[in-house]
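Trainee: Okay, here's what each chain looks like letter by letter:
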Amino acid sequence: MTIVVAGERKEYADGLTVEELIEAEKVETPQYVTVTVNDTFLSNAERASRSLQEGDIVEFLYFMGGGTIPSLCASNDL
Amino acid sequence: MAEFRITDTVDITDVVCPVTFVKAKVALEELEEGEILSIHMNDGEPVQNVPRSIKEEGHRVLKLIHNDDGTYDLIVQKTEA
Amino acid sequence: MRMPVLRAASFERNSMAFTNEQLERYSRHIILKEIGPKGQKKLMKAKVLIIGAGGLGAPAALYLAAAGVGTIGIADADSVDLSNLQRQVIHSTADIGRPKVESARDSMLAINPEITVHTYHEYITSENISAIIRDYDFILDGTDNFPAKFLINDACVLEEKPFSHAGIIRFEGQLMTYVPGEGPCYRCVFKEPPPKDAVPTCREAGVVGAVAGVIGCLQAMEAVKYITGAGDLLTGRLLTYNALRSQFRTVPLPRDSHCAVCSYERTIHVPFDYELPTCDLK
Chain A
1 MTIVVAGERK
11 EYADGLTVEE
21 LIEAEKVETP
31 QYVTVTVNDT
41 FLSNAERASR
51 SLQEGDIVEF
61 LYFMGGGTIP
71 SLCASNDL
Chain B
1 MAEFRITDTV
11 DITDVVCPVT
21 FVKAKVALEE
31 LEEGEILSIH
41 MNDGEPVQNV
51 PRSIKEEGHR
61 VLKLIHNDDG
71 TYDLIVQKTE
81 A
Chain C
1 MRMPVLRAAS
11 FERNSMAFTN
21 EQLERYSRHI
31 ILKEIGPKGQ
41 KKLMKAKVLI
51 IGAGGLGAPA
61 ALYLAAAGVG
71 TIGIADADSV
81 DLSNLQRQVI
91 HSTADIGRPK
101 VESARDSMLA
111 INPEITVHTY
121 HEYITSENIS
131 AIIRDYDFIL
141 DGTDNFPAKF
151 LINDACVLEE
161 KPFSHAGIIR
171 FEGQLMTYVP
181 GEGPCYRCVF
191 KEPPPKDAVP
201 TCREAGVVGA
211 VAGVIGCLQA
221 MEAVKYITGA
231 GDLLTGRLLT
241 YNALRSQFRT
251 VPLPRDSHCA
261 VCSYERTIHV
271 PFDYELPTCD
281 LK
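Protein chains in written order, with my numbering: chain A, 1 to 78; chain B, 1 to 81; chain C, 1 to 282.
By construction, these hints were calculated from the structure, which means they are not laboratory data. Please note that a few of the clues may not be correct.
Just a few of them, taken from the derived set where beta-carbon distance is under 10 Å, the chain C residues facing chain A [to be verified]:
{"#": "1", "residue": "PHE18"}
{"#": "2", "residue": "GLU21"}
{"#": "3", "residue": "ILE31"}
{"#": "4", "residue": "ALA66"}
{"#": "5", "residue": "GLY70"}
{"#": "6", "residue": "GLY142"}
{"#": "7", "residue": "ILE168"}
{"#": "8", "residue": "CYS188"}
{"#": "9", "residue": "LYS191"}
{"#": "10", "residue": "PRO195"}
{"#": "11", "residue": "ALA198"}
{"#": "12", "residue": "LEU253"}
{"#": "13", "residue": "PRO254"}
Please read these numbers as outputs of a predicted model, since none were measured by experiment. Where a beta carbon is used, it is the ideal one built from N, C-alpha and C, also for glycine.
With the rest of the complex left out, here is chain A (with noise of 0.2 Å):
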């Protein structure tokens, strides 16, 4: 099947779940990755449940805070 990810249009097998493509896609973090498919979000209770269909779109959402360094790293801004 055809799923787009992250914008991207990828073949994988049919059946996928969501965990097992987040772990395709080497996914980092991913309990703090928020999940959408075709626009809604998942929760993490189910990604393993979830498989995935034809033409489904997925995104995945990534904690970004700021390009501190560790000496920095307790201030205010970026």
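Use these hints to put chains B and C onto chain A, whose structure you have.
Mentor: For chains B and C alone, kept in the frame of chain A given last:
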């Protein structure tokens, strides 16, 4: 001839391009649809560019009056785009 | 001799009055159909608060000052450090050691002495945030830590203030705009701040200065669009930028009907502070 009922006038002889057009545009913004503005401008760059820019904004240029002192009065009717 | 013309009873139309200097300073805005004289007047009457005078806040503050935003608030507790200057372009080498808000104010007023700048040389906390944001039309989040981002989100939702959220890291950045009643808030997308060191904020992450510039300028653009009403805001959308791939993407963001702060099931009724993550490596 005195055939226009001027609602307001603006003098753009004290500024240079592109503020000439900007000042005229601001004055037109103050008018209601159909009201008439007389724009007093210098010869040269203003008279070459301002009437064209005013037309491009969709307003109706009714008349360009060449004054004896070399300046111009552009009579424009405000027309909403 | 001038042509005689009939004049209507002359009356002052001062509401749109600009000085010739203002017409010249803002001519590139006024010429734009989407902004025009009315939009410029709105900018001149607007009040924008920038929280964080750093990588994001610096370019945003400079452009908003240049745009003639009438009142700009700038909040930051820190002083300028040498390591800031790689990206925080509102500060100069000579400003090292000065409070960032003072350096930022001086830079803004140097560009545009017509505007008013209010400085808040303090940390933004649950104690002071509501009172500070209340006076502003639009808030710009230029902070680097998640507790601050959640605090700004919650306070803006509760005070019904629109704001621009943004984050940057390494070669990437992203932003979204919250407008009360019109789209998801930050907490719709992310429920809770991540535990400290769970995501690369404090550790092993740098950022390219120009990425902060790109995203900070986009935040300024959101403020200008909100104030003037031009175009479409990033409400219900997350704009992401990947500098290495030279790619922008817009990802649709749904609302969370169970959101703890912006839904009818609201459980957060007053702003609160999460513990500021302190870094082990400090």
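Trainee: Confirm or reject each hint.
Mentor: Verification of the supplied hints:
1. For PHE18 of chain C, the suggested interface contact is broken, since its CB lies about 34 Å from the closest CB of chain A, more than 10 Å.
2. Using the Cβ-Cβ criterion of 10 Å, the hint placing GLU21 of chain C at the interface with chain A is not satisfied: the shortest such distance is roughly 33 Å.
3. Annotation: interface hint on ILE31 of chain C violated; nearest CB of chain A at approximately 33 Å, more than 10 Å.
4. For ALA66 of chain C, the interface hint is violated, since its Cβ never comes within 10 Å of a Cβ in chain A; the closest pair sits about 20 Å apart.
5. The closest approach between the C-beta of GLY70 of chain C and any C-beta of chain A is roughly 23 Å, which is over the 10 Å cut-off, so the hint fails.
6. Because the beta carbon of GLY142 of chain C sits about 6 Å from the nearest beta carbon in chain A, less than 10 Å, this interface hint is met.
7. Checking ILE168 of chain C against chain A: minimum C-beta separation of about 6 Å stays under 10 Å; hint holds.
8. Hint status for CYS188 of chain C: holds, given a least beta-carbon distance of 8 Å to chain A, under 10 Å.
9. Against a cut-off of 10 Å between C-beta atoms, the interface hint on LYS191 of chain C holds, since the closest Cβ of chain A lies about 8 Å away.
10. For PRO195 of chain C, the shortest C-beta to C-beta distance to chain A is roughly 9 Å, which falls under 10 Å, so the interface hint holds.
11. A distance limit of 10 Å between C-beta atoms decides the matter here; for ALA198 of chain C the minimum to chain A is near 6 Å, and the interface restraint holds.
12. Hint on LEU253 of chain C holds. Least Cβ distance to chain A is approximately 8 Å, under the 10 Å limit.
13. Given hint, PRO254 of chain C at the interface with chain A, holds; its Cβ is 5 Å from that chain's nearest Cβ, closer than 10 Å.
Hint compliance for this structure: hints 1, 2, 3, 4 and 5 are not met, and every other hint is.
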